[in-house]
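Next come the chains, spelled out residue by residue.
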Amino acid sequence: MNQITKNRTKSRVSWVVAIVLALLWTVIAILPFVFMVLNSFKEKFEMLTKGVFALPDALYLDNYKAVLSGNFVSFFLNSVIVLVISLVVLLFIAACASYPLARFKFKLANPVLSLIVACMSIPIHITLIPVFKMSKAWGLYDSIWALIGPYVAMAIPVSVFILTSFMREIPREIEESAFIDGCSRYQIFFKMILPLSKPGLSTLAIYNGVNIWNEFSFAYTLTQSAENRTLPLAVWEFQGQYSMNTPMIMATLTLTVLPMIILFIFAQDKLVKGMTAGAVKG
Amino acid sequence: MGEKHQRETNIAAFIFLLPVAILMIVYIFYPIIDTFVTSFYKWNGISADKISIGFKNWIKLAADENFWAAFINNIKIMILSICIQIPIGLALATLIDFGGKKTTIFKVLWFIPLLMSSVAIGFLFNYALATNGGIISTISNLFGGGNIDLLGNPGTALYTVIGVIAWQFTPFYIVYSLAAYTNISVDVFEAARIDGATKGQYFWKIALPLLTPSLKSAAILSMVGSLKYFDLIYVMTGGGPGRATELMGTYMYKLSFSQFNMGYGSAVSGGMFILISAISLITMKVLNGKKEAE
Numbered sequence: 001m002n003q004i005t006k007n008r009t010k011s012r013v014s015w016v017v018a019i020v021l022a023l024l025w026t027v028i029a030i031l032p033f034v035f036m037v038l039n040s041f042k043e044k045f046e047m048l049t050k051g052v053f054a055l056p057d058a059l060y061l062d063n064y065k066a067v068l069s070g071n072f073v074s075f076f077l078n079s080v081i082v083l084v085i086s087l088v089v090l091l092f093i094a095a096c097a098s099y100p101l102a103r104f105k106f107k108l109a110n111p112v113l114s115l116i117v118a119c120m121s122i123p124i125h126i127t128l129i130p131v132f133k134m135s136k137a138w139g140l141y142d143s144i145w146a147l148i149g150p151y152v153a154m155a156i157p158v159s160v161f162i163l164t165s166f167m168r169e170i171p172r173e174i175e176e177s178a179f180i181d182g183c184s185r186y187q188i189f190f191k192m193i194l195p196l197s198k199p200g201l202s203t204l205a206i207y208n209g210v211n212i213w214n215e216f217s218f219a220y221t222l223t224q225s226a227e228n229r230t231l232p233l234a235v236w237e238f239q240g241q242y243s244m245n246t247p248m249i250m251a252t253l254t255l256t257v258l259p260m261i262i263l264f265i266f267a268q269d270k271l272v273k274g275m276t277a278g279a280v281k282g
Numbered sequence: 001m002g003e004k005h006q007r008e009t010n011i012a013a014f015i016f017l018l019p020v021a022i023l024m025i026v027y028i029f030y031p032i033i034d035t036f037v038t039s040f041y042k043w044n045g046i047s048a049d050k051i052s053i054g055f056k057n058w059i060k061l062a063a064d065e066n067f068w069a070a071f072i073n074n075i076k077i078m079i080l081s082i083c084i085q086i087p088i089g090l091a092l093a094t095l096i097d098f099g100g101k102k103t104t105i106f107k108v109l110w111f112i113p114l115l116m117s118s119v120a121i122g123f124l125f126n127y128a129l130a131t132n133g134g135i136i137s138t139i140s141n142l143f144g145g146g147n148i149d150l151l152g153n154p155g156t157a158l159y160t161v162i163g164v165i166a167w168q169f170t171p172f173y174i175v176y177s178l179a180a181y182t183n184i185s186v187d188v189f190e191a192a193r194i195d196g197a198t199k200g201q202y203f204w205k206i207a208l209p210l211l212t213p214s215l216k217s218a219a220i221l222s223m224v225g226s227l228k229y230f231d232l233i234y235v236m237t238g239g240g241p242g243r244a245t246e247l248m249g250t251y252m253y254k255l256s257f258s259q260f261n262m263g264y265g266s267a268v269s270g271g272m273f274i275l276i277s278a279i280s281l282i283t284m285k286v287l288n289g290k291k292e293a294e
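Line order of the protein sequences matches chains L and Z.
Residue 50 in the numbering used here sits at position 50 of the first sequence, with consecutive numbering throughout.
Residue 188 in the numbering used here sits at position 188 of the second sequence, with consecutive numbering throughout.
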């Protein structure tokens, strides 16, 4: 009897500790966010005179208007173009490569897969200078087209890794019966393997999509003028313009995060699953 | 027949692999070789005169205090990231796993930092941690402590940045641990409950050993990520104040693209590549070796 009460108090105490920890982490996680959104609705000097956590006097939207009437839309469109083209190319060629690696019997299958997977830990810094040189030589420097090649190439290792293990799970019988019916390997790939890989491809689209959308190093190195830059660099440009105007920067930041938040609200589970795909499968 | 079939297979495999092979050769393998070649030259990245200087860049690198200090900073970030993010991530995931439906709201709120890009986080925290009107200064002022300059002080800058990195990536390890929890079958939990195990006993004696392989992978992931770290720090501090938050990545970038010392910049990125590959290989060997011994 005494033991049970003891256990109960112990369990109650650990719950209290757990809830306190949970609330503490919640505050830590969202406080910077609150700071960002709250101050984005303030006038330039309001933030300094009233204190950073005071509610704005009125719903002041001029920061947003100013940001949206600047280059912001062009940054956004550049990001969309780069994202869509990179993703389509990446998913298609990664699926092409994963198919033989997952389902064909040939001597080099394992060494090739290992080589591709080993590239997952390569730091992009080792490729920056040569890729910079190539973009200049090919006349791609300072245009969004310079970004697509590196973005696709850098995402290949993890994509092939995940898709290969996904395609291995597809039952062999499907392929064999089609083969007996006289389908070629290419027909099997387009008519069966590709459609059956859709769940894996959609997870990968989210994982790589988020990474490409947020990519900084190549975008910063390979583009120069404001009209050719992608969204992560928008803040960079606006900071140069409004360095002392914190609320303006906060409005820019809020706008850059907005697409992700909208995606999160509508496809929370898919996004969470997709963003951890590279890790969980490993 | 069998031979012909094998030959057709080989040809099909070649065709399917070709696009990926071309892109990887152009954007990964060739650049790696080219970086090592460039590291034997003195070159500013623009002019045509590239002067071959043999191993001079590499000898300079081996004795470069700035590079090794940057490497030590990478190691500090690596160790503290593993020690902070993974335990907190696991603890919070455990809470959600034990708490059930009631705790879903936490899951949503805790995920928020992961929605922001490193660049956006870097900028946000530059302002959020500002000496004047930053979050920490505001809190400190509430208690009469006065303004605090975390990022401008060489003694605290690196640890502040590590805190921001923890803010960014802990949600990842929460989700990661949650996924690992769902792999433990419900039967295991039920059996433990029927045997009268408390939740604490269940966690330490049953769940934790089952989660260990996932946690090992998480540690490798965090390790490689920390050694490659770049964009957030480049945006937040640029490696400063002084060299307090300099990393291999920021050092290489500034050498190559601000000072246009691309020959030596290549040697630094080559050194970075060798160190990261060696550390990942050794760690994987050690962790996998243990697995085989078990």
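I should point out that these hints are in silico values taken from the structure, not numbers from a laboratory.
Just so you know, not all the hints are guaranteed correct.
[To be verified] For lysine-lysine, the following PhoX-like pairs were computed, each having C-alpha atoms within a straight-line distance of at most 25 Å:
(1) K205/Z - K42/Z
(2) K101/Z - K10/L
(3) K273/L - K198/L
(4) K42/Z - K136/L
(5) K10/L - K60/Z
(6) K273/L - K107/Z
(7) K198/L - K270/L
(8) K105/L - K10/L
(9) K205/Z - K10/L
(10) K205/Z - K76/Z
(11) K270/L - K101/Z
(12) K273/L - K102/Z
(13) K60/Z - K133/L
[Unchecked claim] Rough simulated footprint, nothing fancy, chain L against chain Z, three-plus residues with beta-carbon under 8 Å:
(14) 9-18
(15) 70-82
(16) 100-112
(17) 121-128
(18) 190-204
(19) 248-261
(20) 276-282
[What the hints assert, rightly or not] Covered by chain Z, according to a simulated footprint, are these stretches of chain L (three or more residues, beta-carbon under 8 Å):
(21) 165-179
(22) 206-218
(23) 229-243
If you're wondering where the values come from, they're calculated on a predicted model, not measured in any experiment.
Note that beta-carbon positions come from the ideal geometry of N, C-alpha and C, so glycine has one too.
Each hint tested on the structure:
no.	hint	verdict
1	K205/Z - K42/Z	59 Å, violated
2	K101/Z - K10/L	22 Å, holds
3	K273/L - K198/L	15 Å, holds
4	K42/Z - K136/L	19 Å, holds
5	K10/L - K60/Z	60 Å, violated
6	K273/L - K107/Z	13 Å, holds
7	K198/L - K270/L	13 Å, holds
8	K105/L - K10/L	58 Å, violated
9	K205/Z - K10/L	18 Å, holds
10	K205/Z - K76/Z	31 Å, violated
11	K270/L - K101/Z	18 Å, holds
12	K273/L - K102/Z	21 Å, holds
13	K60/Z - K133/L	24 Å, holds
14	9-18	holds (count 6)
15	70-82	violated (count 0)
16	100-112	holds (count 7)
17	121-128	holds (count 5)
18	190-204	holds (count 3)
19	248-261	holds (count 6)
20	276-282	holds (count 3)
21	165-179	violated (count 0)
22	206-218	holds (count 4)
23	229-243	holds (count 5)
In summary, the structure is inconsistent with hints 1, 5, 8, 10, 15, 21 from the numbered list given earlier, while agreeing with the others.
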